[in-house]
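Going down the list, the sequences are from chains A and B. Here my numbering is used: position 101 in the first sequence is 101, and no number is missing along the way. Each position in the second sequence, counted from 1, maps to that position plus 1000 in my numbering.
Watch out, some of these pointers could steer you wrong.
With the Cβ distance kept under 8 Å, some of the chain A side facing chain B (calculated, not the full set) [claimed, not checked]:
id, residue
1, Ile10
2, His31
3, Met33
4, Ile124
5, Ser132
6, Gln252
7, Pro256
8, Ser258
9, Leu448
When the alpha-carbon atoms are kept at most 16 Å apart in a straight line, the in silico EDC-like pairs for lysine to aspartate or glutamate are as follows [said to hold, decoys possible]:
id, chain 1, residue 1, chain 2, residue 2
10, A, Lys96, B, Glu1067
11, A, Lys292, A, Glu262
12, A, Lys55, B, Glu1067
13, A, Lys55, B, Glu1068
I should point out that these hints are in silico values taken from the structure, not numbers from a laboratory. The beta carbon of each residue, even a glycine, is placed where N, CA and C say it ideally should be.
There are 2 protein chains.
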Amino acid sequence: MKLKVKDMDIATGGTQIAIVNDKDARALDLHHMDRIEIKHKKRKTVAMIDIGQSKRAVPKGSLGLFEETLEAVGARQGSKVTISIAPKPQSVEYIKKKLDGNRLNQKEMNIIVNDIVENRLSDIELTSFVISSYAHGMDMKEIADLTRAMAQNGDRLVFSKQPVVDLHSIGGVPGNRTTMIIVPILIAAGCIVPKTSSRAITSPAGTADTMEVLCPVSLSVTKLKKIIDDVGGFMIWGGSVNLAPADDKIIQVEHPLSIDAEGQMLASIMAKKASVGSTHLLIEIPIGKGTKVKNEKKARDLAKHFHKLGQMLKIKVKTIITKGDQPIGNGIGPVLECRDVLSVLHYDCAAPQDLLKKSVWMSGILLEFAGKAKKGKGEKMAERLLKTGAALGAMTRLVEAQGGKIPALEKLVPAKNEYTLRAPKNGKINSLDNISIAKVARVAGSPLDVDAGIYLHVHLGQKVKKGEPIITIYARSVEKLNNAKDVLKQLDGIIVK
Amino acid sequence: MKLKVKDMDIATGGTQIAIVNDKDARALDLHHMDRIEIKHKKRKTVAMIDIGQSKRAVPKGSLGLFEETLEAVGARQGSKVTISIAPKPQSVEYIKKKLDGNRLNQKEMNIIVNDIVENRLSDIELTSFVISSYAHGMDMKEIADLTRAMAQNGDRLVFSKQPVVDLHSIGGVPGNRTTMIIVPILIAAGCIVPKTSSRAITSPAGTADTMEVLCPVSLSVTKLKKIIDDVGGFMIWGGSVNLAPADDKIIQVEHPLSIDAEGQMLASIMAKKASVGSTHLLIEIPIGKGTKVKNEKKARDLAKHFHKLGQMLKIKVKTIITKGDQPIGNGIGPVLECRDVLSVLHYDCAAPQDLLKKSVWMSGILLEFAGKAKKGKGEKMAERLLKTGAALGAMTRLVEAQGGKIPALEKLVPAKNEYTLRAPKNGKINSLDNISIAKVARVAGSPLDVDAGIYLHVHLGQKVKKGEPIITIYARSVEKLNNAKDVLKQLDGIIVK
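Kindly produce the complete structure, drawing on both the sequences and the hints.
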């Protein structure tokens, strides 16, 4: 069938969609989300169709095309194109197989993930894959196959030097910026550390957001390889590189349903690590109110699965279960967290001790694990690398290689409007709820307002006298500050008893 | 946040979608398919968002709206609107519940179906409901609850007279137009018969397509009520009325994955019947190659479920399992099938005997079932209503009430290009494969070319001499005829042995 192109003047950045008038669709026996091949001169592409009911959108005899498809076939408003029915990609058959409760093998996972990455699946098909994997579950072999498929479909970084050391925290604890201290310690000890991190989704700041206070976190793969050669490591935003890109598309489906599919989480984390060639990986699983993992039993099960998956993928894995019942450090929000991190790297006496100790402890584990320190000597080595300024030196080189500069600590100033919550009576801090603190910091503007957030004057169990400061909220506008105060009151997550 | 409307000049006829620029989305912490409330002056509506990456589609500070949403808030190009985050509808929580393997109750099914009908769910959410119901299955109570929810969310027809008699065939047998004979017989016997039928999806003609040769099949609910009062029954296209409309949206999800979820099929069929107030229902389950139900065991299981569901919904159900290994009647395609139907109603000596006998048999069952005939006397009564012309009279009144006219038989002429397949040798018809015949008729142009299709000169087991005609294909163009001949050769479904 020959049709005349209507330029819809939309780019969605994803799947190729073409709009066919209902009458033309009936003539070709086409249904919503069927695929058509579109030919224009010598170029062709496959798009999925949406059926337009109204004459106004796309009249009979026309084909409504989005920017991606116009580009793919080199057509524009008024071009004549030929359409014909195109077969479904093979992966749809495998999705159906999983849907019917069967296991998928490596080849099938590969084809599915490749079609996800290449935008060949409709929302319905992709959702069916995610949902049926969740409903029927995946066994460890399937998870390993999915992980390999995710790592292989996208860019990969390969380094000649080893060990390639990596770490990952399951998250849920505000202010937990240990990564920005551990990475320079490891680099200073001679490890290769290609660290990708996420931005905040529901938290006040992700490592990538806090790192961005110091330098750009979106760099090309060529640039990253050079930085590894020159410095030994980087800290960037994972979303800026094409490493295991299927992940983001799967999350787009899980997000609206708040699905927390363990198999897919395992695959997603390990695929990112496999795509940068990690040899040694430390996984932190915090437990406590507001963290992703609810109790120790679940944490131990999850740890077991990480170990098993590591074995199958030939990545050495260590796991630690940590207490995550309160924020780490004093600052919450990119600028305030960055100040904490730098004061630890400066080995400043005012540095938050909880953040320092936790970072030294985790660095020690990794240094021993990667063979850089003898058994039992890791923490000592980490502390020495901090004290001597070796870690700060590594951080300085890393930040400069990424195109930034380490500022003086006094330049890291929080937003100008502030409100301090004070103890209503003498007592002990009985609750510093992660979820409440994250929410208040976000309402105050964090992470987009990088200098918005919270400063914690106290920690759990600490004694306070009536009128002593507990937390200070910082915001760019009075309105945001007031909203944050309202949320603070409403959530009632900070309790003095 | 205040934004300026960009009119995207598209109407999709479904869910309300708004396109937000990536930068604005990040400021409001909005993700793909999150919901926003859009306010314009005193009007407001809820839409789901797509995130536009490019400045060209929707620049920062603008909000791209489709026709449905522009209309809902009375806005146009350049209007100023305010957007804020809107909560997910409650049904998303229940979908999550099903996804996690739990059962849903009547209230929850109601809320889900209502949100489906009102276009409040995204493709991802709707797919999750369909897929998780399929993956985890539904028990009979859930199926009954879903059926009630589907029947209640949409228009309903309520009649003062009884019995309200209905029939449904699971399908897969070409030419099986018994409905168009049984309905007038039942009307002639004094039953109320509000029959909705489907159009062809993968078959050469649905009852609605064949009926449309005689009269319009899309009528308003007001008109339908009047026809019931005047004539006692109608035969229309189910898609033209708003009876159990959730069904079509569920099918849109199942279709691309070729899912055949029994629970949803049961609910879909029974909801349509419940929405027209059926009291007595006959379900035909054909078995044989190419039919939907593969063997007798599966047919018996399905029959059991229909009986059970009927009990729960207080609809009296009878089921029959029929042989579906070859087409019924001689004509395949709307006009050719219509000729068969009318010749049976005329009680013409040339009428296809298989279609006549099957229709009389099924009418007999229904007449006894509905209390119109004594036990064992139903078939006799049905035959008499045919012979005396009472059924033809009822059909004439029905067709005229719907705005059509019964044509003379000789006016029902097939398309002008024809090809006759002849027996290659003396022998017996060993295969008249449903799938091959359906496919050939579709390629010849059926059902859109109403006069295209196939005439069967023989039936299974019949003896033929070399050179005798087996089937004749009719098509509007030589090209379509040649395509049909090619497919006929390729599929090789007609065998003389």
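Hints versus structure:
{"no.": "1", "hint": "Ile10", "result": "holds, 5 Å"}
{"no.": "2", "hint": "His31", "result": "holds, 6 Å"}
{"no.": "3", "hint": "Met33", "result": "holds, 5 Å"}
{"no.": "4", "hint": "Ile124", "result": "holds, 5 Å"}
{"no.": "5", "hint": "Ser132", "result": "holds, 5 Å"}
{"no.": "6", "hint": "Gln252", "result": "holds, 5 Å"}
{"no.": "7", "hint": "Pro256", "result": "holds, 5 Å"}
{"no.": "8", "hint": "Ser258", "result": "holds, 7 Å"}
{"no.": "9", "hint": "Leu448", "result": "holds, 6 Å"}
{"no.": "10", "hint": "A:Lys96 / B:Glu1067", "result": "violated, 35 Å"}
{"no.": "11", "hint": "A:Lys292 / A:Glu262", "result": "holds, 11 Å"}
{"no.": "12", "hint": "A:Lys55 / B:Glu1067", "result": "holds, 12 Å"}
{"no.": "13", "hint": "A:Lys55 / B:Glu1068", "result": "holds, 14 Å"}
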